[in-house]
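Asker: If you count by the numbering used here, then the sequence shown holds residues 36 to 486, one letter each, in order.
Just so you know, these hints were derived from the structure itself, not from any lab.
Wrong hints could be hidden among the right ones.
Just the calculated beta-carbon pair ranges, DEER-fashion [what the hints assert, rightly or not]:
hint	residue 1	residue 2	range
1	D257	R216	52 to 60 Å
2	A266	L212	40 to 48 Å
3	L382	P277	43 to 51 Å
4	V237	S350	43 to 51 Å
5	V272	W132	27 to 35 Å
6	W44	L258	57 to 65 Å
7	V373	V120	38 to 46 Å
8	L215	L464	38 to 46 Å
9	G383	W44	41 to 49 Å
Since this is a predicted model, take the numbers as computed values, not measurements.
Where a beta carbon is used, it is the ideal one built from N, C-alpha and C, also for glycine.
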Amino acid sequence: MSEQTDRRWLTIGLMMCVMAISFESYAVLTAMPAAARDLGNLSLYAWTFTAFVIAMTFSIVASGQFSDRYGPIQPMIWGFGIFAVGLVVAAVAPAMWVLLVARFTQGLGAGTMNVAVMVLIARAYDEAQRAKLMMWFSACWMLPAFVGPPLAGWIVQVSSWHFVFWSVLPFMAVGGLLVLRPLRHIQLAPEEPHELKKRLMVLAAAVAAGLALIQWAGQNLDLWSALWAAAGLAAVVFGLPPLLPKTIDWSGRGISGVVGARLFSAGAFFGAQSFLPLMLVEARGMETVITGITLTVGSVGWMLGALLQSQSWLSWRRDQMIIVGVVGIALGVAVLAVASYFPQSWLGLVMIAWIIAGFGMGLQNPSTSLAVMQLSEDAELGRNTSSLQVGESLGSSLFTGLAGAWFAHFHDSAELPFTFGGLMVMMVLVGLLAVGMAYRIGPVPNGAGED
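Could you build all of it, start to finish, from the sequences and the hints given here?
Answerer: As structure tokens, then:
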């Protein structure tokens, strides 16, 4: 089998795996309100999402270290297996705490795979192919958004939310088989392997634990909560700096601005997205299938943004694409906040809001990944890629956790419009921080050779 054929099958396999993971993500988002009602402990709702990204905070650092030391193949295989185990545990979960353990396990696998895939793309494909490949990955990520949410809603209504997790396993198996064979024939090991830095993995574990403590403190506001929050904040402040790129500029220029924009934009988008289905079910009384359709319609924007950033005729630099993307996220969440405060308003307002926010993510997400590739030396690519995803996981976990604390505090003591509307306003403020960081990045060429 020729190297060109190997790379073709590798690309197909990777795209299929991306589709499977995307289907799981969107399907779980739709099914989670039903799972929370079935298992109880609605106050722990946010943990079903943050347990996933807290685990990713550790696993993406570990994967970056192993990818720089041994190449991306081993981390990718391990990530595959761990993610599959998490799916099985979630599918049989009899209680909320078991589901949280399953989501944590899935996060370990997903973070390991994500970094390995980004390093693989950088080493197996040239610059001209990367933007196109990122566009196809975004398309594969978004395609399940058109069928996953309503399909998951239908599965929940006619059967059980447990089968949403079972349905992902066959696609993961086929994608894995397509990927493994060509990986044996493509040279992906680094030219100069780095020493494995176990200290960084310990620090990543400390940051993950710190994020969990901060969220736990937000669940109950008392003296003990203040102590847990202080301990969590100390762990994050101590552990985070060594996980960031060596070339970080604390003025926000270059890679540090890219990481900051990704961190806050992920916090704003995923914090809002985590509670969007629950808001539609509780405040608007929508059925699960209709909730899924709403998410599907809103996903059009992500596809458009991803398609736009890959076009050769687009004269914007990468930093300009990031700026437009994060502005779209903040604007979309702001419109969603208005719709949340007025639950009797036109449902189309929610769809429009999510199209705008999705467009911002489709533009920002691949652009920040490509910007890091542009700004990184080959020897630091694994570390810098993991730093970018640490930022995304940190933002998603921290701000979804804060949204969860708001929800847990006000859900039973305030009106639903205030509960969900206030939560969305918090995410708007986080989105504005992303805009500020994006403006600090400075010129980054888009890979087409412009200055």
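Asker: Hint numbers the structure violates, sorted upward?
Answerer: none
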